[in-house]
Structures are given as structure tokens and as C-alpha cells.
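Novice: Letter by letter, the chains look like this.
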Amino acid sequence: MKDIEMLLSEVKSVFDKVKDINELNELKVLYMGKKGKITEINSHIKDVSNDMKKEFGMKVNEVKKLFNEKYESKKKEFEDYLLNKQLEEERIDISLPATRVSIGAPNILEKVIEEIEEVFLSMGYDVVDGPEIEEDKYNFEMLNIPKGHPARDAQDTFYIEGDEILLRSQTSPVQVRSMLKGEGKTPIRMICPGKTYRRDDDDASHSHQFMQIEGLLVEKDISLSDLKGTLDVIFKRLFGEDVEVRFRPSYYQFTEPSVEVDITCVNCHGKGCAVCKRTGWVTVAGAGIVHPNVLRMSGYDPSVWSGFAFGFGAERLAMMKYDIDDIRTFYNTDLRELRVFDREDEE
Amino acid sequence: MISLNWVKDYIDIDDQNVYDLADKITRAGINVESVITHHIDGLVIGKIISLEDHPDSDHLHVCIVDIGVEKLQIVCGAPNVRVGLKVIVAKVGAVLPSDFEIKKSKIRGVESYGMLCALFELGIEEKNDENYSKGICELGEDATIGDDPLVYLGLDDTLYDLDIHKHRNNDCYYHIGFAYEIACILNRKVKLPSLDFKTFNDKISDNFKLKVESKKCSYYVAREVRDVKIGESPDFIKKRLIAAGMRPINNVVDISNYVMLEFGQPLHFFDKDKLGDTILVRDAKDGEKIVTLDDKERVLSSDDIVITDGSKVICIAGVMGGKNTEVDDYTKNILIESAIFDPVSIRNTSRKLELPSEASIRYGKGLNYEYTDMASRRACHLLEKYAGATILDSFVLYDNEDHSDKKISFKANDVNKILGINISIDDMKKELERLDFPFTLKSDIFNVVIPKRRVDIECNVNDIAEEIGRLYGYNNLVSSLPNVKVKRGEYIGDVKYRKIVSRRLRSLGLNEVKTYTLVSPNMANMFRYDDCKQVKLPNPMSIDKSIVRTTLIPSLLNVYDYNVSRGVKDINIYEISKTYDSSYNEVSKICGLMSGSYADSPWKRDFEVDFYVVKGIVEELLDYMGYNGRYSFVRSNCNDLHPGIQGNIVLDGKNIGIIGKIHPSIIKKDVFIFEINLNSLIGKTSKLKYKSAFKYPSITKDMAYIVDKNILVGDIISTIKKAGDKTLQDVVVFDVYEGDKINNDKKSVAFSLVFNGIDHTLKDEDVMVIFNNIIKEVKNKYKAVLRDN
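Chains as they are written, first to last, in the numbering used here: chain B, 1439 to 1785; chain S, -6 to 782.
For reference, chain B alone in the conformation it holds in the complex (with noise of 0.2 angstroms):
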């Protein structure tokens, strides 16, 4: 019992001493080992008078335990100062630049082209398309534009196959695409963004390639005011609420009666400034009632049917929403610029 008595106080300091972790494994062979001291004094419990056995084997039991704790709670004090230490060690500089996988920005008219398409297409408009080389006849003859008619002045077109066969100067062909489409049976309401092509020299402000969009409705009894409020819709979505929409009378061959429709400036709401020649208004589109001889040419009967048709200038657009100087700026892309426009606009 005294053997046990002593080991109990060994095993209670014997711990102080240890340094590392194999002083500890080391220590733990040395008393629990095969041939360990606390092993060693337990097979003597036969020795031991059978009355002292129960307390002998509590004793011994009670050096195991402590042995036990005692190398735990050392061990675990070993592997805490080495998880700490490596932590330490594996400490990095969370400033430095990070690594990043960036999604694609979309080139910026593309951006506005998105935009209005999709509060088209949540009023029920189907986005098409239409070719870039066109014919004449769709491109000016059936929309009330015959040959040497002045209208073709304003539109300065590359012609390909004498005069049949031209870069379209308009997205406005696609109307009559989609009309002969419909054969004159159909409703229609459909905007068509894309590219268009006119002899004007580049500068900050012309470009021989840009982005039209155009839009056409037929249906039954529609009106220039159902028109407007169209148009309000979509101004206000890409421009904010506080924008107003006013039409002005104007003159297409394709729409009778036209308008020009002016929103108020964006960059002076309204107030006056250099960008609205300090009128408070900034031209946008040019649209009207669909003429009734443009209906009939492509099979649809105007006492019948009636609808409105409208065109923007993208690139005008984005210069306004975005404040860019320069309609080269969307053909020379410098992804640094085009970068910022990977985001979320402000709601």
C-alpha cells in the first residue's frame, strides 16, 4: 500500500517535468506500458490480503485516473501550443489583393438594349430580328418611301447591288417583316434592336454603324395616346419616374401622324442646360400611327387594323443614361471603362 501511496504522489508532480509530446508518450510507456510502473504495481493486487483487495483496487484505480488526466490534459496543452503555433505560422496578409474570377460585363448599349427589351417583353413585345443586308423594297419602298422620294435624302445609305440591294439604314424593314409575317391576320407586337448602317463620316457624335430600335404594334383601334403612354412606361423605367414625356409633331412617310418625342433632359431635369440647348427637353425617338398605306402594302386592311410604330437611337440613349461624350466610345472598347458597367444599377 505504501508502494501505491508513493507512486500516487510520483504520478501527481511527475507531469511537471515533461516537455514535449514524446517526453509525454515516453512517460506514458514508463507508467502505463506493458512493463509500467502502475501496470507493474496492479498485477501485484494478488498478493494483496483480500480484505485490503477492494481498496487496493480502488487505490490503483485512483493512480490510473489521475495518470490518465494528468496525460490528457497534458497532451491536449501539447497540441494546443502546436495547432496555435502552426496557426500562427499560416497567419497570411488578408490585404493584399484577392484573387478573382470575374463574371463578363456586357458591352454598354447592349446593357440599355437589355433593359428596354425587358420592359418590352413584360408588356408583351417579342424581341426579333431582321438581316442587315436588305432589299429596297423593305427598306424604304414598302414603308411609303418610293425611289427618289427626298425621305431617302436624310438617310445617306450604303448601297451594295445597285439600288436593290443595301446596308439597311433602319431597323424600320423588320416592321415589314414582321407584318408579312402576320399576313395580315395576326396582332403584332414586337421590337427589333440592331444594327444599322448610313454614310455619315465618325466623330464624338456620328458613327456609319448604330444601334436602332425599333417597335411596332398592330392590333385594333390603337392610338397615338396609347402610343404615349407606351412610351412613358419605358422612358420612366430606364430614366426615373420624375421623367415626363412630350410629343411634338414631326414627319415620317411611315406614320401619319408622327411625332417626335421628347423626355425632359436628364442631365438638368427639366431645368435647362447646355445638353437640351436650354429648352429642358432632349429628343429620344421618333414614332406615329402606322400609315395606312404601309398596313395595305404589307397586307393588313388600315380600316381593319391600326397600330403605332416607334424608333430610338440607342447609342443616344446610353449617352444620355450614362453621361458619355462619345458614340465611339461603345466601337473602341476599353475594358477598364466597360469593366464599371459589371453591376447593378441603383433602383
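Hint data in this document are derived by calculation from the structure and do not stem from the laboratory. Just so it is clear, the structure is predicted and the values come from calculations on it, not from any experiment. Fair warning: there could be bad hints in the mix.
As the list claims (entries may be wrong) - Label pairs and their computed distance ranges (CB to CB):
id, chain 1, residue 1, chain 2, residue 2, range
1, S, N518, B, T1624, 28 to 36 angstroms
2, S, G303, B, D1638, 44 to 52 angstroms
3, S, N773, B, E1526, 30 to 38 angstroms
4, B, S1540, S, N578, 33 to 41 angstroms
5, S, K399, B, K1585, 17 to 25 angstroms
6, S, P533, B, S1540, 32 to 40 angstroms
7, S, N518, B, D1638, 50 to 58 angstroms
8, B, V1452, S, G732, 54 to 62 angstroms
9, S, N518, B, R1716, 48 to 56 angstroms
10, B, C1711, S, M(-6), 20 to 28 angstroms
11, S, D279, B, E1552, 49 to 57 angstroms
12, B, E1679, S, K399, 39 to 47 angstroms
Said to hold, decoys possible - Computed cross-link-like contacts, BS3-like style, restricted to lysine-lysine with a CA-CA straight-line distance of at most 30 angstroms:
id, chain 1, residue 1, chain 2, residue 2
13, S, K538, B, K1575
14, S, K608, B, K1575
15, S, K478, B, K1619
16, B, K1549, S, K489
17, B, K1709, S, K17
18, S, K96, B, K1715
19, S, K96, B, K1633
20, B, K1674, S, K478
21, S, K400, B, K1658
22, B, K1575, S, K489
23, B, K1549, S, K677
24, S, K84, B, K1585
25, B, K1549, S, K480
26, B, K1658, S, K480
27, B, K1623, S, K478
28, S, K677, S, K608
29, S, K507, B, K1674
30, B, K1549, S, K507
31, B, K1619, S, K680
32, S, K17, B, K1715
33, S, K345, B, K1575
Just so it is clear, CB atoms sit at the ideal spot from N, CA and C, and this is done for glycine as well.
With chain B's structure known, arrange chain S on it following the hints.
Specialist: Just chain S now, with coordinates in the frame of chain B:
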């Protein structure tokens, strides 16, 4: 340019503020771009009645100026001030151009009550050193003290600069037409100018013959005047012509221009004595020549219309007169031509001869025959009055114009439906009266006769709606939405696929760019991998933009160069655009260009783009479109790509595009591109369907071979797949080695083969049978040496 002083001859607008009026006109549809006015409140004519040197200055003078109602003390520094000079005085309160307001002031201690002005200070002359040194404006002795100096100078007119491009037609392009426009806006009446003249008993028609052979001349009236006295025009004509932007020449020429600006009808005056007794209008002959008024010889074709005297050409109809019958300083007798020619023909001729004139522009827009006749009479009136002419009785006339009225029948409600408004029948009557459109009303049906001056109006109710609408005011429209079926729109056809591809490429980190369709021959000659013929513009603006591109790669290389030159290193871009070949076949192409780092990691640079990154982008795209397992990459030979780093993209056995590294002779840096025909991706995929993942554990077997360097790993993979059975689920290449440890014409490739039972757990011995078979196949086919580990 419209002169308001001139318009006042035909309509009373004295009560109108010129700016408000411009605004009303603009809102009704004729865009008044700018109002040019020389009227300034607070300007009077004054006379310097005494002059003293300023006590505290070596160049200022203290003047006492009589302006009639009072005498003002004004300090002035101009060198030319002197007693007795009549001057322009800007009184206190006058606002000069650039918002310069005259105030009572003290100039070096002396009070000054106004300013003596130079013309440049009134915005009339240019402000330059020369005008500055001339000093203040000196008025003539006849100037009346207290009057408006600008009226005295004849500069008090207001001009409206109109945006003529947007005009519905030419009816507002001349002063009477413009007066009619103001008349309907203000609801007033127009008074036409006098056309009266005395006539001689001689009748022109007795000895003059007119013959019109050309189908392109629908109306021709000729009158003859005698004994004109060529001289200067009266002041009002000169001022008005200048205001309208025309140079006064002499009374006769000026009158023809004046009448054109009044009625919109161009006139031509021939020197009658240089002409016989015949006018023959015919189509020109090919190669026919004429020397025009500008001394140039013009060669004509059968598309042009000419006026002849029966033998020689004396005028290119509607475009320019001939030298041979020009009115000169000695001209006595004049033949006045007033006619209508086919607008398209005139426009073509003037464009072809590069002779756009005031006359040809007007002919080109179409004319009203009523005014054609009136204009010739007005010219007679003015020539009699201002050139002392006597006029022969009668006229010669060819008239093939349709005189029938243009009539429109409609109900008030038809107009309301187009505009979305609600005008009553009574209001409709008032609007038509305002427009000066004669009409009758039977029950609720209006029958309107369109006046001849409105050549722009056709015979449909939309025309009426347009007229009513613009007077009613579009700002009075109440917004509504079309009463149509509720549905959501869709992307149709190509557009839909463009959107899908765009969305995927953006999410793969590529930025969208837009470039030009028209390219230079240099660009057009590059990357001709699909060898189609190109569309060349017959009349390009410049050689740089002369060919319709068939590939987008050169355009993206331009974007690459542009960005590199601006210091951008990592360039990952794409564009989707239509291309056309010479038969106008349309192919939408998806083009990507990648260079630099794929991820933005400036200090690690672990993510450099190589061929396999770009290949991965293409595969991601094709998988997303639903073509997993249906495509492959096959060596290609495009000259402008690196010969060893390029391939065709093959889908279902068909070439759909190309991928590769730009040839180092074009760009030294590593730049990779791909281009895919979007059309070949449309509508070929299958329906999306759920497929459960394997439920049983898989067995993986690795193997490594040493093979000849030029054997394609892709081929080995095909062989492995072929040799394996359906339990072989995946073949992964996990190591490729070339280097010191093996022969330099060899490479080592290591594969992991993943086996999986569809409905049971595989046993190792079953897998080994297949695995060994695969090993044998590969060994045999590629003379491959199996590595031990």
C-alpha cells in the same frame, strides 16, 4: 430662313411676341430652330450736343446726348465721338447680347446714364480688332432723334431659322405658306399679295408657240414682259433677300428670287431677244451639252429634262438656265417661265450634276399648280412696279395637272380613335375652319376638300387626324395603354440563341464588345478559314470600311490592340455579330479572344490563359447549349493561327468553328481566339431530363503510358472508351509529362479510369478484365509502353 417682316405682308402678327409665336409654331410641327432678332429694348437714336474731356482720364469723354425726351450724361471712350454726331444710345435698363445690362454707373467719379454703342456690341457685327478701332456706330444726318436705331438701319427684322429637314413638305418653305401655318395656329386669315398689272393689247399667244414633249413636265406657263429697266432693287426687296440668305443682284433677278421666296415657285427668266418664238420642253438626248449660267459645260442624258427654243438647249429644266439666254445688263424683253417638273427627275439631275440650287430643292419637293400661275402673275406685277416693264396680254400654257379635288370623308370619331381624344362635331368644324379646309357636313360625316397648297396631304383620315392633332396639341393627349391581350413577350429565333450564348460567355468571364461590320481589305484578308466570298461595297466612304466582314477575329484583334496600347493586360472578350458572304447568306458568329490572366490575380498570376482554358470555355458553352459529348476538336490549318495550336470545332461531324492561338508573326504574345457559327447551334439539342447519379461505389484504375509525342491524347481516350464497356464512366487525364526523364520524342500520359456499376456494386476482378483489355488495346494501337507505377 423666314423673315417675320415679310410674313407680316400676308398676316397680322404685330400683337405676337416673336418667341412665344416661335414656340407655338414649333409645338404645331414646324421646328423653329432659332429666333434671330435684332430688336433690343432701350435703344434710341441720340445726338451728341456737348463733349468734355473726362477730368480723370486721358481717353474718356463726358458727353451730353439729346435723345428727344431728355438729355443724358454718358461717359464714352470711343475715339470717334464728336459734337453733332448721331449715335446709338443704349439707355439704362437695356440688355445687350450676352446678358449685358446697362446700369447707371460712376466711371472714375463721373456719373454715366447709358452707353453709346458700336454695332458689334449689339451682336450685329463681329467683335474684332478692326471693328473695335472704328469706335461707335455713326448714324446718318437723316436719323431722327428718339427713334429706334435698328429700324433706321433696317435691322429690326426677326428671322426664324427652320429645321427644314423635318418639314412635312415644302409648304412652309416660303413666306405665304408659312403665313398659312401661322394663320391656322392663331386662327387668322391670310391676305395674298397683289397680282395685278396692266397689259398691252399684243397677245403673247399670237406669235409664240409652246410645246411640251416631255412626260416629266406637267405644267408650263410663259408670259412676256417688255422694256425692263435693269437697275437696283428697292430697299425692301434687297433686305428681304439678304434676310433669307440670298444675294441681291439686280431688280430683275431679285424679283424672280423674291417671288420664289413668296410662293415657293421657282421662276426662270429668259432674255426673250436671245430666244426665238418657240419653247419646246423635251427629255434631253444622251450626250447633249449646254453651257450653264455658271459658265460650265454640262453633259446631259436622257434622264434630264431640257427647255429648248426648238433648236438649241436653253435651260436644264428646274436646275439651271443656259448662258445663251441669260438676262444681262442690256436685256430688254423677258420671257417668264413658271413650271412644274417631275420632282424625282429634278432631284436626280441636280444630284448627278452636283447642282443643288434653291430652285431644284423646291422642284424636288413637288409644287402646287395654282401657285405656279400666281407666281408668274406676281412677277409681272413686280416687274411692272420696280423694273418699269410692260406686260404682254395673255400667256401660253401647257397644263397636264390633275385639277380634281382631293377629298376626304370621315366621322369625327374616326379622328378621335386615331388620336385617343374626344373632339365633338362642333369642335371639329372649328378646327377645319382654322385650317382653312373647305368642308360640308352631312349628318355626322365630314366631306373635306384639301386646298391645293397642301400637296403633302393624301386622301386618308390619318392626314386629317395629324392636322387636328397638331393644332389640338399633343401635350393635351392623355396617356393610355393599348387594350391588348396580356402576355409576356419572347426572344424569337436567332435573338434567343444570341442571348443564351451571351449570358453563358459573360458568366465565363468574357466581356462583350461591339465592333464595325465594315472592314478594310487587310482585315478582310485575314483568318479566311472558311474561304467564302465577300461583299465589297461598290462606293465605300473609305477603303477602311469597304468590305462586309465574314469573320469577327480581325475586329477583336483591333480591340486587343486598342486595350494593349492603353496598358490593359488581361483581355477576355467576345462579340456576337452577323456576317454575310457575297450571296448575302447570313451567318451569326460568336467570336472570343483571350489573353493574359483568366482570373484577376495581379500578384500571383496563377491563371494565365492557355489553349486549354479557351478550349474549356468553348466546351462549357457547348455543354450549356446541350451538346455534351457531341463535339470534338480536330487539327486545322488556318494560316493566321499557330500551326501547332489550332483546331476545328466539330459538332455532330460538321465543322462549326475554329479555335487556336494567333500566329506569332501577327502577335508575339499569347493570344487565343475561337469563333463558332451560331446558326449551327440552333435547335439541335434534346429535351432536358433528370438522370440519377450512380448509387453504388465506383472503382478507379490508373495507368500511365509512354507514347510518341505526336500521338493525340484525344485519340487514346477514344480508344479507351471504345475498349471499355458501359461500366467505364469516365476517363481522366491526370498527368502529361515531356522532359529529361524520357526520350525527347516521347511523352508520358497518365489516365484514371472510373468504373461504376449501374445497378450493382462492381467486383474488382470484373473490372480488371475490362481494364486489362483496355491496356492491351492501347498498347497495340499506339505502340505504347505501360509504365510500372
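Novice: Would you mind marking each hint as holding or not holding in the structure?
Specialist: Outcome of the hint check:
1. Hint check: N518/S to T1624/B, Cβ distance near 45 angstroms, so the stated range 28 to 36 angstroms is violated.
2. Against the hinted window of 44 to 52 angstroms, the Cβ-Cβ separation of G303/S and D1638/B comes to about 47 angstroms, which satisfies the hint.
3. Look at N773/S against E1526/B: about 57 angstroms separates their beta carbons, and that is not inside 30 to 38 angstroms.
4. At about 36 angstroms, the beta-carbon gap between S1540/B and N578/S stays in the expected band of 33 to 41 angstroms.
5. The hinted window of 17 to 25 angstroms between K399/S and K1585/B holds, with their beta carbons roughly 23 angstroms apart.
6. As the Cβ distance of P533/S to S1540/B is approximately 39 angstroms, the hint placing it in 32 to 40 angstroms holds.
7. Between N518/S and D1638/B, the C-beta spacing of about 26 angstroms breaks the proposed range 50 to 58 angstroms.
8. At about 57 angstroms, the CB distance of V1452/B to G732/S agrees with the hint of 54 to 62 angstroms.
9. Separation of N518/S from R1716/B is about 51 angstroms and conforms to the stated range, judged on CB atoms against 48 to 56 angstroms.
10. The hinted window of 20 to 28 angstroms between C1711/B and M(-6)/S holds, with their beta carbons roughly 27 angstroms apart.
11. In this structure the supplied range 49 to 57 angstroms holds for D279/S paired with E1552/B, their Cβ-Cβ distance being about 55 angstroms.
12. For E1679/B paired with K399/S, a C-beta distance near 45 angstroms keeps the hint of 39 to 47 angstroms intact.
13. For the hint linking K538/S to K1575/B, the alpha-carbon distance of about 25 angstroms falls within 30 angstroms, and the restraint holds.
14. With a C-alpha separation of about 44 angstroms, the suggested pairing of K608/S with K1575/B is violated against the 30 angstroms cut-off.
15. Note on K478/S and K1619/B: the hinted pairing holds, with a Cα-Cα distance of about 20 angstroms set against a maximum of 30 angstroms.
16. A C-alpha spacing of about 16 angstroms is found between K1549/B and K489/S, which places the hinted pair at or below 30 angstroms, so the restraint holds.
17. With a C-alpha separation of about 20 angstroms, the suggested pairing of K1709/B with K17/S holds against the 30 angstroms cut-off.
18. About 29 angstroms separates the Cα atoms of K96/S and K1715/B, which keeps this hinted pair within 30 angstroms; it holds.
19. Distance restraint check for K96/S and K1633/B: the Cα-Cα separation of roughly 57 angstroms exceeds the 30 angstroms cut-off, and the hinted pair is therefore not satisfied.
20. As the CA atoms of K1674/B and K478/S are separated by approximately 23 angstroms, the hinted pair is consistent with the 30 angstroms bound.
21. Restraint check for K400/S and K1658/B: satisfied, since their Cα atoms lie roughly 25 angstroms apart, inside the 30 angstroms limit.
22. Of the supplied pair hints, the one linking K1575/B and K489/S holds, its CA atoms being roughly 27 angstroms apart against a limit of 30 angstroms.
23. For the hint linking K1549/B to K677/S, the alpha-carbon distance of about 29 angstroms falls within 30 angstroms, and the restraint holds.
24. Restraint check: the Cα-Cα separation between K84/S and K1585/B comes to about 59 angstroms, which exceeds 30 angstroms; the hinted pair is violated.
25. The straight-line distance between the Cα atoms of K1549/B and K480/S is roughly 24 angstroms, inside the 30 angstroms bound, and the hint therefore holds.
26. At roughly 17 angstroms between alpha-carbon atoms, K1658/B and K480/S fall within 30 angstroms of each other, so this suggested pair holds.
27. Under the criterion of a C-alpha separation no larger than 30 angstroms, the hint pairing K1623/B with K478/S is consistent with the structure, at around 15 angstroms.
28. For the hint linking K677/S to K608/S, the alpha-carbon distance of about 21 angstroms falls within 30 angstroms, and the restraint holds.
29. About 27 angstroms separates the Cα atoms of K507/S and K1674/B, which keeps this hinted pair within 30 angstroms; it holds.
30. For the suggested pair K1549/B and K507/S, the alpha carbons sit about 12 angstroms apart, so the restraint of at most 30 angstroms is met.
31. About 28 angstroms separates the Cα atoms of K1619/B and K680/S, which keeps this hinted pair within 30 angstroms; it holds.
32. Restraint check for K17/S and K1715/B: the C-alpha separation of about 18 angstroms stays at or below 30 angstroms, so the hint holds.
33. A distance of roughly 23 angstroms separates the Cα atoms of K345/S and K1575/B; the hinted pair therefore holds under the 30 angstroms criterion.
Against the hints set out earlier in the document, violations occur for numbers 1, 3, 7, 14, 19, 24.
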